[in-house]
Every structure is written in structure tokens, then in C-alpha cells.
Amino acid sequence: MSSHTHHDEPFYRKYIWSTDHKIIGLQYGFTALFFLLVGFVLMMIMRWQLAYPETPVPIIGGLLGDTGILLPETYNALGVMHGTIMIFLGVVPLAVGAFGNYIVPLQIGAPDMAFPKLNAASYWSYLVGGIVMLASFFTPEGPARAGWTGYPPLSVFEPGQTIWLIGMVFIITSSLLGSINFITTIVQLRAPGLSWMRLPFFVWAQLVTAFLLVLAFPPLESAAVLQLMDRVAGTSFFLPSGLVVSGEILNVSGGGSPLLWQHLFWFLAHPEVYVLILPAMGIVSEVIANNTRKPLWGYKSLVFAAVFLGFMSFIVWAHHMFLTGMGTAMSAFFQTTTMIISIPSVIILSALFISLWGASIRFNTPMLFALAFLPMFGIGGLTGLPLGIGASDIYLHDTYYVIGHFHYVVAPGTIFALFAGIYYWYPKMTGRKMSEAIGKLHFWPSFIFMNGIFMPMFIQGLAGVSRRLWDGGLESAHASGVLQWNEFMSISAWLLGLAQLPFIFNVFYSMKFGEKVDENPWDSTTLEWTAPSPPLPHVNFDNIPEVHREAYEYSVPGRKRDFTPQTVPKKG
Amino acid sequence: MLEFLKHYGLPIHLSTAGPGIDEIIVLIHWLMFILFVGWGTFFIISLVKFRASKNPKADHEGVKSHLSSILEVAVAVVEIVLLIGFAFPIWASRVNDVPTSAEDGAVHIRVIAQQFAWNIHYPGLDGIFGETKVDLVDEEENPIGLDRSSIGGSDDFYTINQMHIPVNRKIRVDLSTKDVIHSFKLPELRVAQDAIPGMSIPVHFEATMTSEEYLQKMADTPRKGKGLEIVCAQLCGLGHYRMKGYLTIDTETDYKSWLDSEAQYLEEYEDDEW
Ligand SMILES: [Cu+2]
Ligand SMILES: [Cu+2]
Numbered sequence: 001m002s003s004h005t006h007h008d009e010p011f012y013r014k015y016i017w018s019t020d021h022k023i024i025g026l027q028y029g030f031t032a033l034f035f036l037l038v039g040f041v042l043m044m045i046m047r048w049q050l051a052y053p054e055t056p057v058p059i060i061g062g063l064l065g066d067t068g069i070l071l072p073e074t075y076n077a078l079g080v081m082h083g084t085i086m087i088f089l090g091v092v093p094l095a096v097g098a099f100g101n102y103i104v105p106l107q108i109g110a111p112d113m114a115f116p117k118l119n120a121a122s123y124w125s126y127l128v129g130g131i132v133m134l135a136s137f138f139t140p141e142g143p144a145r146a147g148w149t150g151y152p153p154l155s156v157f158e159p160g161q162t163i164w165l166i167g168m169v170f171i172i173t174s175s176l177l178g179s180i181n182f183i184t185t186i187v188q189l190r191a192p193g194l195s196w197m198r199l200p201f202f203v204w205a206q207l208v209t210a211f212l213l214v215l216a217f218p219p220l221e222s223a224a225v226l227q228l229m230d231r232v233a234g235t236s237f238f239l240p241s242g243l244v245v246s247g248e249i250l251n252v253s254g255g256g257s258p259l260l261w262q263h264l265f266w267f268l269a270h271p272e273v274y275v276l277i278l279p280a281m282g283i284v285s286e287v288i289a290n291n292t293r294k295p296l297w298g299y300k301s302l303v304f305a306a307v308f309l310g311f312m313s314f315i316v317w318a319h320h321m322f323l324t325g326m327g328t329a330m331s332a333f334f335q336t337t338t339m340i341i342s343i344p345s346v347i348i349l350s351a352l353f354i355s356l357w358g359a360s361i362r363f364n365t366p367m368l369f370a371l372a373f374l375p376m377f378g379i380g381g382l383t384g385l386p387l388g389i390g391a392s393d394i395y396l397h398d399t400y401y402v403i404g405h406f407h408y409v410v411a412p413g414t415i416f417a418l419f420a421g422i423y424y425w426y427p428k429m430t431g432r433k434m435s436e437a438i439g440k441l442h443f444w445p446s447f448i449f450m451n452g453i454f455m456p457m458f459i460q461g462l463a464g465v466s467r468r469l470w471d472g473g474l475e476s477a478h479a480s481g482v483l484q485w486n487e488f489m490s491i492s493a494w495l496l497g498l499a500q501l502p503f504i505f506n507v508f509y510s511m512k513f514g515e516k517v518d519e520n521p522w523d524s525t526t527l528e529w530t531a532p533s534p535p536l537p538h539v540n541f542d543n544i545p546e547v548h549r550e551a552y553e554y555s556v557p558g559r560k561r562d563f564t565p566q567t568v569p570k571k572g
Numbered sequence: 001m002l003e004f005l006k007h008y009g010l011p012i013h014l015s016t017a018g019p020g021i022d023e024i025i026v027l028i029h030w031l032m033f034i035l036f037v038g039w040g041t042f043f044i045i046s047l048v049k050f051r052a053s054k055n056p057k058a059d060h061e062g063v064k065s066h067l068s069s070i071l072e073v074a075v076a077v078v079e080i081v082l083l084i085g086f087a088f089p090i091w092a093s094r095v096n097d098v099p100t101s102a103e104d105g106a107v108h109i110r111v112i113a114q115q116f117a118w119n120i121h122y123p124g125l126d127g128i129f130g131e132t133k134v135d136l137v138d139e140e141e142n143p144i145g146l147d148r149s150s151i152g153g154s155d156d157f158y159t160i161n162q163m164h165i166p167v168n169r170k171i172r173v174d175l176s177t178k179d180v181i182h183s184f185k186l187p188e189l190r191v192a193q194d195a196i197p198g199m200s201i202p203v204h205f206e207a208t209m210t211s212e213e214y215l216q217k218m219a220d221t222p223r224k225g226k227g228l229e230i231v232c233a234q235l236c237g238l239g240h241y242r243m244k245g246y247l248t249i250d251t252e253t254d255y256k257s258w259l260d261s262e263a264q265y266l267e268e269y270e271d272d273e274w
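From first to last, the protein sequence lines are chains A and B. For the first sequence, position 464 (counting from the first letter as 1) is numbered 464 according to our numbering, and the numbering increases by one without interruption. For the second sequence, position 44 (counting from the first letter as 1) is numbered 44 according to our numbering, and the numbering increases by one without interruption.
Here chain A stands alone, though its shape is the one from the complex:
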């Protein structure tokens, strides 16, 4: 194919019905950022009710009915949609769909993904899933309101769940199509000389992630279809007989088990945690290696830890279910696997910390986000320990402690890593750098307010305040000592929203006015930086690069430059 055919392509072929992994990556990226914003706005609305219970919500109150008060049913619905949108439509598509698509082929020196049409199909299925989820706001029933975990029997009775399940089926299908593509691409399309141990850690992270998605999502897809049948076809996969709901005997054949759903759901949703975190670790590793000007410390142990993490993540799921009446043997098994899985996480985090020792650290915006990721993910990981041990989980289960824990993993953890990735790879996508000054104006407030939102959750959790309470604990005796934090967290959340404005501005402003840079502005070693910026349409490179070195040859003693790209041949 000639690299110049693109001039003839009409706009819609080039940017809409595209099969170019870079365009699809950008489509994923912008769509996912849009959904992140939507998911966050939903939370900002919910936080009004938590801070000032039963007072009319300002600005958008008119949309919530005559009183302008966020009612319990709407609160529950927003909770479901916040979780669903953030995880399935925001973070994962950005981490995997956008960065995976854009960067992986470039980093392995491939002209495109292995199956470009499948790639497009994956994006469109995701978009349909997203539109279905958004459309649920405009149906007479409204969106789902049985928790983002959709536990039956509640989810079988509550309105809005049908459309949620249909949306989920599209989203899952999209992930399955995408992950098959990633596995094939990484296995088959690596440039000559790019052996497994020369792969950038980001590619390893994406490979393990793709395996998690392809193996863990099918059980949830089946479960979603079964729950759909329970709702629309009168089956009772998840319903036992003998239930009385709102005074009426439930007329179903029965024999089902609500716990079956939980097992199937968490069989996906625990690996999903690593789907959220592994690409983030990959991005952070790239940014850290580049900005410390030295190789990642313990590259091999990072790779083995990531693979082991991926494997173990399939046998820890029931630690979400300790309180469902689990016996000694089963709880001992899942507590043990959960403690085992903490070890590779400790290895990865330690290796990244140790990588800083002896470095020459450049504190640019991508590096600030990547550095902040480390302690933030550290807090998220460590606070998982008392939840992974059954005895302490008895008290902390379903409290705000849990919410604090996984938000530290995902929000100041993964989302910071994603910001790092955006600032870092933006020059590759546009040929210009994002403004550093505005970048720092984005970073510092975000860092402060993230902690302002999530740190008090541990305090409320220790006090025993339950999650998913419409009144934020106002009516609960045990919450009385910690209620004052609700307003503090809400204000932090709104300020965090404000702190994203410089970022949004920066993305568009820098497209036109950012500093123009050559193809390797960060003096990096990996293959994506040998491609032109932006890379050539649909072939990426002028010639497929040949790889002669490991991924991170920074500051090798005796060399003139402090970096040696992977494509530089070794001397005689």
C-alpha cells in the first residue's frame, strides 16, 4: 500500500469509518474522556445530596423534578451509572482501547493491528454500548438502580436493569473483540529483533490485560444474558422459590441462586481490577524509565510479576463475598490467594520506587502524574489488605473504607497514570507538546483534591458508615461522629471538577498552539518514537524498524548520548 493514498480518502473514511489503529485509538480516547466527564458529573450531583441532604440541587435541580431534590431512586440510579460509566465506558476504554490501540502497534513496530476491521468493530460495539447506557436516562423507567454490581434478586425486580444488561452485552462484546486482536498483534506482529524480553513493559502489561479480558468477560456475558432472561423470559437462574416481594408471593419456578450471579460477576470483576491497573502500571513504567533517564529496575521481575498477577487474579474473586455465609475452607482458600496476589503488587511497586534511585529525574507534567501514581496506588493497594482478610472484612465490608480503597486504586491511581500517558504521548499523536505550565496547573490541584475526596472515606469507613446511603449516614447513629466529612469531600469533588478545566483547555489549545516538536521530543528509546509524529497514516513507519537492543538503554556509561534507541545497531 502506498503511504500517500490517504490524501484521497474523504473525511468520513479517514476519521469515522476508519480501520487505522491510530484513528480508532483516538476515537476510543475522545469517547472515553467524554464518558469520564459524564461519570464524574453524575458523582458531583450525588455529592450535593451527601453534603446537603434533601436540599434542592443547584443548576440542574430543575431536571430532577419539582422539588429539585435528588430522590433516593435517582441517587441509586446515578450511583449505578457512575460506576458503570467510569469503569466500563471510561477508564478501561481509555487504558486499553485508546492507549493500547494507539501505542502498542507503534511500540512493537507493526504497521497496524492484526485485524483492523475487528478493531473498528470493537470500537463501534463499545460506542453502541455507551449510547445504550446513556439512552437509559431518557427511558420511562430510567437507568438501572440495583448497584453497579447488579446483585439479584434486587436487580431482577428494579426498573431500568434490562437496558443496562443490553448495554453491558455490547460493552463486553467490544472488549472480547479488542482483546483477541491485542493478543494476536503482540504475538505475531513484533518487528524483527523484538524478542519477548526486549518488549517495553507497557506492551507486556497490555498483553496480560488482553488475556484477562478474553478469559474473564465470557462468564459475565453469560451471566448478563441469564439475568436478562430472568427479567424478560420468566426464568429463575438467580431466584429461589418462596420469596415475598412487597407483599406479593413471587411467582417463579425458583431453584435458582442469587449467589451464582455473585460468583460469575466477581469472576470477571476481580480480574477487571487488574485490567484497570496493569495498563496504568505500564504507562507509569514508560514515563518513569524515560524521565529518570535510566532503565526500569528489575525489568524481568516486573514482567514475571505482571504475568503471575494476571494468573492469580482468576482465583481470588470470592474475597468480595466473605459475608455471604462462606465456610472455613473456602474462606481460607480465598484469603490465602488474596494475600499471595499482594506479593507481585509489592514487587512491581517496589521495583518502580527503586527505579528512582540513582536517577536524573526530570519533573515534567507526565512525570508528575506518574510519580503521584506510586504513593496513591500504594494507599489503594495497602488498604486492600484489611478487606482481603476475612476477619477484618467482617467489620469493614460494604463501608466507605471499601469505597476509599478502590477509588485510590482507580482515581488517583489509574486515572493519574492515564493523564501521564496523555501528556507523554500527545506529541506523538499531534506533533506538538501540551503546555507544561497549564499541565502543572492541572496536576497540583488534582493531586490535592483527589486526596481531599478519598482520604476521609477511610475515616467514615472505620466508623462503620455504609456505602450507597442516600442520606450519607445522616440517620445512622454510628455515623454521627464523622458526618462533618461529607461536606468536605463534596467540596473537594467539585474543586476537582474545576481542576479539570485547564486539562480540557490544554488538549485543544495545544493542538493548535503547542510547541512544535520532532519525532522524539523526550529523547526516548522505544520504537514509537522512531515513527514520524504524527505517524504515517495506516503504515506508521517509512520502513518497518529493526530492533537491536533492550527497551530501556538510558545512560549507558561511555556513550555520547544518554539514550540509545532500540533501532540503533550494535557495533561490530
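A few of these clues could be false.
Cut-off 20 Å, straight-line C-alpha distance, at most; resulting in silico cross-link-like pairs (EDC-like, lysine to aspartate or glutamate) [claimed, not checked]: (1) B:Lys57 - A:Glu553; (2) B:Lys244 - A:Asp523; (3) B:Lys224 - A:Glu475; (4) A:Lys300 - B:Glu61; (5) B:Lys57 - A:Asp523; (6) B:Lys244 - A:Glu73; (7) A:Lys560 - A:Glu550; (8) B:Lys54 - A:Asp562; (9) A:Lys300 - B:Asp220; (10) B:Lys244 - A:Asp471; (11) B:Lys226 - A:Asp471; (12) B:Lys217 - B:Glu206; (13) B:Lys64 - A:Glu550; (14) B:Lys64 - A:Glu553; (15) A:Lys560 - B:Glu72; (16) B:Lys6 - B:Asp220; (17) A:Lys300 - B:Glu72; (18) A:Lys560 - B:Asp59; (19) B:Lys226 - A:Glu475; (20) B:Lys57 - A:Asp562; (21) B:Lys133 - A:Glu550; (22) B:Lys224 - B:Glu206.
Note that these hints are calculated values from the structure, not bench results. From a predicted model like this one, the values you see are computed outputs, not experimental measurements.
Fit chain B with the ligands to the known structure of chain A by using the hints.
Same frame as chain A, but now just chain B with the ligands:
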């Protein structure tokens, strides 16, 4: 550490399970604290010491020792100790040492959750629970579907959202639900258990303090005047936030007289009916 966690929210406990659970929460927080401070110190020193302006040339190799493996082994060892020494035994006693009224003189109660209330079912003086049947359920008259004509059923009584237990006695609760999943939680007693449709799950505990003593202890805190509650910890519908019961821990004599008054009330009520 316990004082620290108490300062930041953790309420005092008043059950025999409390010390064990609080101890493991404290130990894990020590582990977290040490790791975080360790990492954090290393992190900050690295950032200051190795900033580009101070250290323009990076060291290709960096840390040469493999001290970090010691860290990983240490974490693994601590976790093994936590599991075998604390977590497994606590769990085993939680699920295996279920007391019975015959052998342990335990107070046996049934709790039937529903949207959005706790039905507390006592077996009455004979200590035998009457049968409950789905088709007898009447939300106004008979929310738990109790069959008065079944064996042991005539003197049973139930309350809505009012649970009384005696102090210093083993309590056994058989937990079930009429509709969706709820979670029976007594935060101050360090008790929590999901109620799963189609299952009856035993929960047991022993209170070490009466409600009155507890309220006295709380006199100078934000909790003053607020008694003990049964929390629903699992999202169970739009009334989830207001689903709560009240727990009263009585002295043995107070408990007896409460049982008597309930029996009395039942008799009067029955007289009215017939
Ligand atoms: Cu998990
Ligand atoms: Cu409930």
C-alpha cells in the same frame, strides 16, 4: 495504633468477638503503616536527591543490592502469620462455633429481613419456633407468615425493628430474608452477615455491655443519646438508607421482664381477636 484508629472513627466494641477483630484490624494497619512510611521515605529521599538539577547524569544500574527481595519475603511472612495466627481462627469460630440453646443455653432468635425492615422472631417461652409459611404472609397482620397452629407456634412473638438481647449470654440469630439481599450488621458488636434469599444463615455473638452502660460511655461524644442500631449494609432498594432496627442489650432481669411483657401483650392481643 488502636488509639489512632479509634480517634479516626473506629467505635468501641462491646462483644466477645470485638477484641479479636480489632486486634487484626490494628495489626494490618501497622503493616500498612510501616510499608507506607518505608516506601514514602525512600520515595521522597529519591525525589530530592536525584532531581535532574542536582544529579544531571543518571546511574545506569541504580540500586545494585537485592535488599528489596528481603522486603517481599518479610511481607509474605507477616501475611502468613496474620492468616494462620489470627484470620483463620477468627473465621473458624465465626462459622463453626454456632451455639445452640440446648447445649450452650444460648438465646435463639430468628431475624427475617425485608424491604425495609427487620422482623425479629422469638420462640416464646417454650423455646420452639413455630413454622413460617410463605402463603400465610400478610404484610399487615403476619409479616413473617407464622403458623400459630404449628407445634411451638402459639406462644411465638415477633417485633419489627426491635431486638432485645441479654448481656453476657451467647446469642444465636438465624438470618434469612423474604425478598432481596440485605446485610445484618451490628457495628459496635463487630457482627455482619449477608441475608441471602433462599438461605438461613446462623450468626452468633455475645454482648459484654448493656445498652445503658454503653450510652453512659458515649455521654461526652457526638454519639451521645443515640442507641445501638441494626444496620442494613447491603443496597436493597430505594429505602435502603432508612432500613434500620434498634438493638437493646438488657441485663438478664430486664430481658426477662421484656419477654414477659411481650407474652402479656400477645395474650391480650389474642383475646381481642377471639
Ligand atoms: Cu477483588
Ligand atoms: Cu436492606
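Outcome of the hint check:
Distance hint between lysine 57 of chain B and glutamate 553 of chain A is fulfilled; the C-alpha atoms sit about 14 Å from each other, no more than 20 Å. Taking the CA atoms of lysine 244 of chain B and aspartate 523 of chain A, the gap is near 61 Å; set against the 20 Å cutoff, the hint is violated. With a C-alpha separation of about 14 Å, the suggested pair lysine 224 of chain B and glutamate 475 of chain A falls inside the 20 Å cut-off, and the hint holds. A distance of roughly 14 Å separates the Cα atoms of lysine 300 of chain A and glutamate 61 of chain B; the hinted pair therefore holds under the 20 Å criterion.
For the hint pairing lysine 57 of chain B with aspartate 523 of chain A, the CA-to-CA distance comes to about 14 Å; that is within 20 Å, so the pair holds. Of the pairs offered as hints, the one joining lysine 244 of chain B and glutamate 73 of chain A holds, with about 18 Å between alpha carbons and a cut-off of 20 Å not exceeded. For the proposed pair lysine 560 of chain A and glutamate 550 of chain A, the alpha carbon gap of about 18 Å is at most 20 Å, so the pair holds. Distance restraint check for lysine 54 of chain B and aspartate 562 of chain A: the Cα-Cα separation of roughly 16 Å lies within the 20 Å cut-off, and the hinted pair is therefore satisfied.
The hinted pair formed by lysine 300 of chain A and aspartate 220 of chain B fails the criterion: a straight-line CA distance of about 57 Å is larger than 20 Å. This hinted pair checks out: lysine 244 of chain B and aspartate 471 of chain A have alpha carbons roughly 13 Å apart, not beyond 20 Å. For the given pair, lysine 226 of chain B sits about 17 Å from aspartate 471 of chain A by alpha-carbon distance, which is consistent with the 20 Å threshold. Restraint check for lysine 217 of chain B and glutamate 206 of chain B: the C-alpha separation of about 19 Å stays at or below 20 Å, so the hint holds.
Restraint check for lysine 64 of chain B and glutamate 550 of chain A: satisfied, since their Cα atoms lie roughly 19 Å apart, inside the 20 Å limit. Annotation: proposed proximity of lysine 64 of chain B to glutamate 553 of chain A holds, straight-line Cα distance about 17 Å (limit 20 Å). Taken as a hint, the lysine 560 of chain A and glutamate 72 of chain B pair is broken in the structure, with Cα atoms around 37 Å apart against an allowance of 20 Å. Restraint check for lysine 6 of chain B and aspartate 220 of chain B: the C-alpha separation of about 15 Å stays at or below 20 Å, so the hint holds.
Taken as a hint, the lysine 300 of chain A and glutamate 72 of chain B pair is honoured in the structure, with Cα atoms around 16 Å apart against an allowance of 20 Å. Of the supplied pair hints, the one linking lysine 560 of chain A and aspartate 59 of chain B holds, its CA atoms being roughly 14 Å apart against a limit of 20 Å. Restraint check for lysine 226 of chain B and glutamate 475 of chain A: the C-alpha separation of about 10 Å stays at or below 20 Å, so the hint holds. Among the hinted pairs, lysine 57 of chain B with aspartate 562 of chain A is consistent with the structure: their alpha-carbon atoms are about 8 Å apart, no more than 20 Å.
For the hint linking lysine 133 of chain B to glutamate 550 of chain A, the alpha-carbon distance of about 71 Å lies beyond 20 Å, and the restraint is violated. Note on lysine 224 of chain B and glutamate 206 of chain B: the hinted pairing is violated, with a Cα-Cα distance of about 23 Å set against a maximum of 20 Å.
Hints 2, 9, 15, 21 and 22 from the list above are not met by this structure, while the remaining hints are.
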